[in-house]
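*Asks:* Listed below, chain by chain, are the residues.
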Amino acid sequence: MTPKTAAPAATRTLNLVQAVNEALDVAMAKDKRVMVLGEDVGRNGGVFRATEGLWKKYGDERVVDTPLAEIGIMGSAIGLAISGFRPVAEIQFDGFMPSVFDQVVCHLGRIRSRSRGKMSVPLVLRAPHGGLIHAPEHHSESPEAYFCHTPGIKVVIPSTPYDAKGLLLAAIEDPDPVVFFEPKLLYRSAKGEVPGGHYTVDIGKARLVKEGKDLTLLTWGAMTVTCEKAAERLEREDGASVEILDLRTLAPLDLDAVLASVGKTGRCVIAHEAPNTGSWAAELSALIAERGLLRLLAPVARVGGWDIRMPLFRLEQYYIPDADRVVMAARKTLSF
Amino acid sequence: MTPKTAAPAATRTLNLVQAVNEALDVAMAKDKRVMVLGEDVGRNGGVFRATEGLWKKYGDERVVDTPLAEIGIMGSAIGLAISGFRPVAEIQFDGFMPSVFDQVVCHLGRIRSRSRGKMSVPLVLRAPHGGLIHAPEHHSESPEAYFCHTPGIKVVIPSTPYDAKGLLLAAIEDPDPVVFFEPKLLYRSAKGEVPGGHYTVDIGKARLVKEGKDLTLLTWGAMTVTCEKAAERLEREDGASVEILDLRTLAPLDLDAVLASVGKTGRCVIAHEAPNTGSWAAELSALIAERGLLRLLAPVARVGGWDIRMPLFRLEQYYIPDADRVVMAARKTLSF
Amino acid sequence: MPLKTIASLDIKRLEILDIDGKADKALMPKVSDKLLLEMYRLMFQIRAFDERAILLQRSGRLGTYPMITGQEATQCVPPLALKPSDWVVPTYRGGGVYFARGMQMRYGLLYWAGDDRGTHFPEGNNDMIFSIPVGTHLTQVAGLAWGQKLNGKGGVAMTYCGDGTSSKGDLHEALTFAGQFKLPAIYVIENNGWAISVPRKRQSASQTLAQKAWGYGVHGVQVDGNDALAVYAATVEAVARARKGEGATLIECETYRMGHHTTADDATRYRDGKDVEAWRKKDPISRFKKFLTAKKLWNDGKEKNLTAETRSWIDGEVKAYEEFPAPNPLNMFADNYDKAPRALIEQRAELEELLKFKGGAKILMELPPTEGRFP
Amino acid sequence: MPLKTIASLDIKRLEILDIDGKADKALMPKVSDKLLLEMYRLMFQIRAFDERAILLQRSGRLGTYPMITGQEATQCVPPLALKPSDWVVPTYRGGGVYFARGMQMRYGLLYWAGDDRGTHFPEGNNDMIFSIPVGTHLTQVAGLAWGQKLNGKGGVAMTYCGDGTSSKGDLHEALTFAGQFKLPAIYVIENNGWAISVPRKRQSASQTLAQKAWGYGVHGVQVDGNDALAVYAATVEAVARARKGEGATLIECETYRMGHHTTADDATRYRDGKDVEAWRKKDPISRFKKFLTAKKLWNDGKEKNLTAETRSWIDGEVKAYEEFPAPNPLNMFADNYDKAPRALIEQRAELEELLKFKGGAKILMELPPTEGRFP
Ligand SMILES: Cc1ncc(C[n+]2csc(CCOP(=O)(O)OP(=O)(O)O)c2C)c(N)n1
Ligand SMILES: Cc1ncc(C[n+]2csc(CCOP(=O)(O)OP(=O)(O)O)c2C)c(N)n1
Ligand SMILES: [Mg+2]
Ligand SMILES: [Mg+2]
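Chains as they are written, first to last, in the numbering used here: chain P, 1 to 336; chain F, 337 to 672; chain B, 673 to 1047; chain U, 1048 to 1422.
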């Protein structure tokens, strides 16, 4: 969690979307090759205001409102990255990412090896992530598993303003493509101290949210906050000592941190928002049991979305796991 | 494995692509609503000859050579299915399926619930699957994990001519969308007895390839044949008694069969062709350990493709697991 | 460099009613007084409905809502050229289209309140809920039109997409199929000048959107989308072409989004009030009212009655909407498959367990009855 | 119905050289004798190379191979209007394009033998390997052209796609970007009449493919793709337009696929030999040879020398190709990331273990040295 490059003194309290915005600003000021492109990212500053002010500051050429064409956004960003630019492409909502899967699966992570190292694709694909903001269908999705199964790309998802800024700067400077998810529920609700200026948070390192001895809650994105609520209850009501690990980077996975924590507690609940079957939680559950079978005191439990289309928002709180569901699963795991 | 509807006496030896072709023929003869559409499926009979003869027999209206546009194929098939037809859409190679993910993830499995049961999408999406035929990049992919993580659709992959015909007929008659993978390595190499006329094999039921006591090989597609070779060696050289389960249907999973087999043997190796991380094998490994932890005598082992772009075909046999790799993993598991 | 011309095309624009409500006799389509009055009623009522919906949203009684203000002609008129058995697939900005198809607007409100039960269309109508990922319905509608063609009963399929959406590859593949298979399809591009904050001229360098049709062997035409008569005439012609088996039509309706993109948007961030004012002069409703008044089909008395009628109709719809009981959470498991697989049966039981954990054993009794088929 | 015309579009077709090799003086582009001879050499040699490649495939010494026979003018000529620093992205049917860009053909053979080391272009060239999923490169090339524009050095990006591929939505989104941002891009649609077994007329109902350009504010033109001079003139004009910042061009080159789709295909299953014969009369090479001969630039002696030269060149390339040692299996792990993550380090070790399991401990010594960067 300590910045790679020492952070200037001046730290302020920012929310997550402000931290994202500041990271983009710092990156663009530092490196002329950095561009922002997507739908409504320019004059409008993005539908969540993540790119607010950048168009005024850096102009039409570096902050580009594109036509409404995601394949065009993704493909041209790949071409720009190959040309030596550092495009940060935004897909307006997680639910519209499937339209770029073709570019992502067939090309994004393959171009370096296909070109035998002659080409690289140093771009960032930003998108909001997850539910619970009372949005329409396709605006509350968690498609990370599709990306994590795809070789050659990195998948990052911060849950604090500090990590959002540091990881986005690291992603923009990363020589390989990074899919950067932003938990939209936390855009405004997550506030925290954020240093001004430039600093990075290492991609590939999980964040130990809190230490504990009896149970590991493994999570990412907005679910991290849900797990904090659940842990607080479990400690109060059950006297359990709960450790929380926020993966921050899904791929490449910080397997050492995961195995160390579960090796210590022997019990693990994985909480996430995606349809549970075939999710990234499946890979985690599999790895934990494959690599630490003898240290498991209870089966790993997965708490995720149901294997159905997420209902419209009146019922979304019954689809996405809440603290109650995490607590229920934790109790079963603790009493196994 | 017994046909739901008694099969006529006349059985012949067919290879897998002939079985697929016969299933399409039987379905089209039986039900006027069945249509075949895709690239080169008409006059040319499909690049693998899976639709050979159908265009002559059923004509332009029911066997349609489409423009080269996969979104158009997938989307119009959805519209046709909603209209009451039974489209069987072909995507020419597994590696071109990402271009239809948008339709698959956003719509295919959601329309029934989105319309609150008023609409259904009874279509079959056929595609060849897997590698080892010395084809160019994107012609040897195993994208099943992307589909298995997507709610509302079924995913089927036969490994014998008998199952290919019976499962394809079941898929065409299924009231919900079915993604039907055909192991292209087995198109001609897999031969077997196939009854003439109409019969179905239940979707959602695994096939017990052979019984065994010491180890379960869990697999699907062309890898089933690889597992048979490996099992034969393990029994001869190691005196191990190996059980092989061919899933046949990946989603919905035949969890009872999986847990029964691994519950009995206590040891399991899962063999498949896809990049291993985040694969369907991860879901299986997770489920086995989550539901049968106390019956496991060794960690579940996954043998899959490496987490990289599959190299061009000179090296594909080192990318896709062969019998040696399965044997190596099995020995570690047996001696754990 | 000089070379020989091998193909030529003129893109035509249809305008019938000028902004003073004068109709060009030569272009006037056949339309009964009754239908003219119906056009006016639909446009008038949906605008009033929109205004109420916005108030509901502002007062926290409705979720994010996409208003159609200014686009009433483009939305309410084309459905009048269709039969219930013809397919219609609007966009999320489709309140006027569904209204013209006879939908009870309480369901529209329910949908935008985040309730799946809001997806509810009149029995016997071939209506479909819009696709939120814009453009993804366009190839599906090619399939619906294909189905109509194969059924051989002269049915057609009509759909809408916005000017922004016209940039999606989906339109290209849909029109490729529509042209190649001569499908009875009508694609209406509702060019309202904006894709959220992106103006039409930054969306595509094409002079018109209608001319895109030419690249697919599809008939293309641009109409004044604020002119109900022009929209009607163009639609009637397209529908006739489709029914006769002469293929698909792309109609670009040039209109203007008078409001924000949705209630969640603030258009003042990116557009100049002057443009909005300029377009207000071209308002489809006032223009049409002048036309009806000149024709002696309309007067202040009738306007007063319609206003009153409309208010009570809206009151009724809002009341009906707000009287819907909260949905049973277990509903979400219904109708995902014809037969729910084992995993869903387990998961639904898990949700029941959660509900009990939250509300105690008797909670399941207290919840409203479940709806839909399960397993 | 009568209405006013708001846009008039026409599509021109360029032909300069007739099938008897007579050139239309008025249309003749500026081109040096040296360049004319170079055009001929490239077309002549790539055809001979193709013939040899097919023989190699038939005798099991090469994998599936996509020949370009009949399309030599469309492939070999456009690159001659470009600089090495301009981007070029052909399709898998791009042997002639890469050859004209100066690629050593031994690498082309190596690629089609399934060896990743076949992806190898001349130093300093901005060449890119084609995309096997057709059309998926088109938006990437928009990005490459965008990069050229931002670099402000007058560079351009040229790419190819087939008539079949023109149906993919990718082209729509690529041209939307190319038109909207006035990108220095040249999109060549290589219309060879077939998409495997699907003839051009069943691919799209559009009269020409060139006219699709008008839907994007992109300049469009059709040329006789078997006429090297017309192809050259059209390309030079498009490149000039791009360098001047006047935007993108779509060039439809109408040619014909004389051979099977690939060596894995059997065209006799779906097409009539008569068409092939009709097109043989329009052969780009013999036509161009007549032209050169009339210009006294060519004669039988020169032809004889070129034939001999070509044979020994091909022999050399084939020999060089076949002398490549088998690749080290461990190569596949190189260059997947700038820094390989832990999982790949584990997996590579597992492959080493497998190799030892197969070949014994010393096998790793016996394998050829690994290539590429790892970790
Ligand atoms: C594929 C996709 N990308 C982005 C969005 C987000 N979005 C919703 S509406 C909209 C603008 C649509 O503009 P237009 O097509 O002109 O329709 P209008 O809103 O003007 O009716 C965008 C970008 C979406 N819904 N789907
Ligand atoms: C997206 C995608 N779909 C299908 C294929 C299979 N395929 C390979 S070549 C081809 C036909 C291409 O025709 P065209 O674009 O005209 O190019 P040509 O082969 O004639 O040069 C098809 C369908 C593919 N490679 N990619
Ligand atoms: Mg619009
Ligand atoms: Mg072609």
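There's no promise every hint is true.
As the list claims (entries may be wrong) - One side of the interface only, derived from the structure: several residues of chain F facing chain B at Cβ under 8 Å: (1) T349; (2) S412; (3) F421; (4) D438.
Said to hold, decoys possible - To be clear about the criterion: a stretch of chain B counts as covered by chain F if any three or more of its residues have a C-beta under 8 Å from a C-beta of chain F, and this derived list gives those stretches: (5) 768–782; (6) 788–796; (7) 874–885; (8) 927–935.
Quick caveat, the hints were computed from the structure, so don't treat them as lab data.
Using N, Cα and C, we set each Cβ at its ideal position, and we do this for glycine too.
*Asks:* Now look at each hint and say whether the structure bears it out.
*Replies:* Right, here's what the structure says about each hint:
With its C-beta approaching chain B no nearer than about 34 Å, T349 (chain F) sits outside the 8 Å limit, and its interface hint is violated. Evaluation of the S412 (chain F) hint against chain B yields a held restraint, the C-beta minimum of about 4 Å falling below 8 Å. Evaluation of the F421 (chain F) hint against chain B yields a held restraint, the C-beta minimum of about 6 Å falling below 8 Å. For D438 (chain F), the interface hint holds, the least distance from its beta-carbon to any beta-carbon of chain B being 6 Å, beneath 8 Å.
Counting residues of the stretch 768–782 of chain B whose CB lies closer than 8 Å to any CB of chain F gives 0, so the stated coverage by that chain is violated, three being the minimum. A count of 4 residues in the stretch 788–796 of chain B with a Cβ less than 8 Å from any Cβ of chain F is obtained; the coverage claim is therefore met, three being the minimum. Given a C-beta distance limit of less than 8 Å, the hint that chain F covers the stretch 874–885 of chain B is violated, as 0 residues qualify and 3 are needed. Counting residues of the stretch 927–935 of chain B whose CB lies closer than 8 Å to any CB of chain F gives 0, which falls below the minimum of 3, so the coverage claim is violated.
Checked against the numbered hints listed earlier, the structure breaks hints 1, 5, 7 and 8; every other hint is satisfied.
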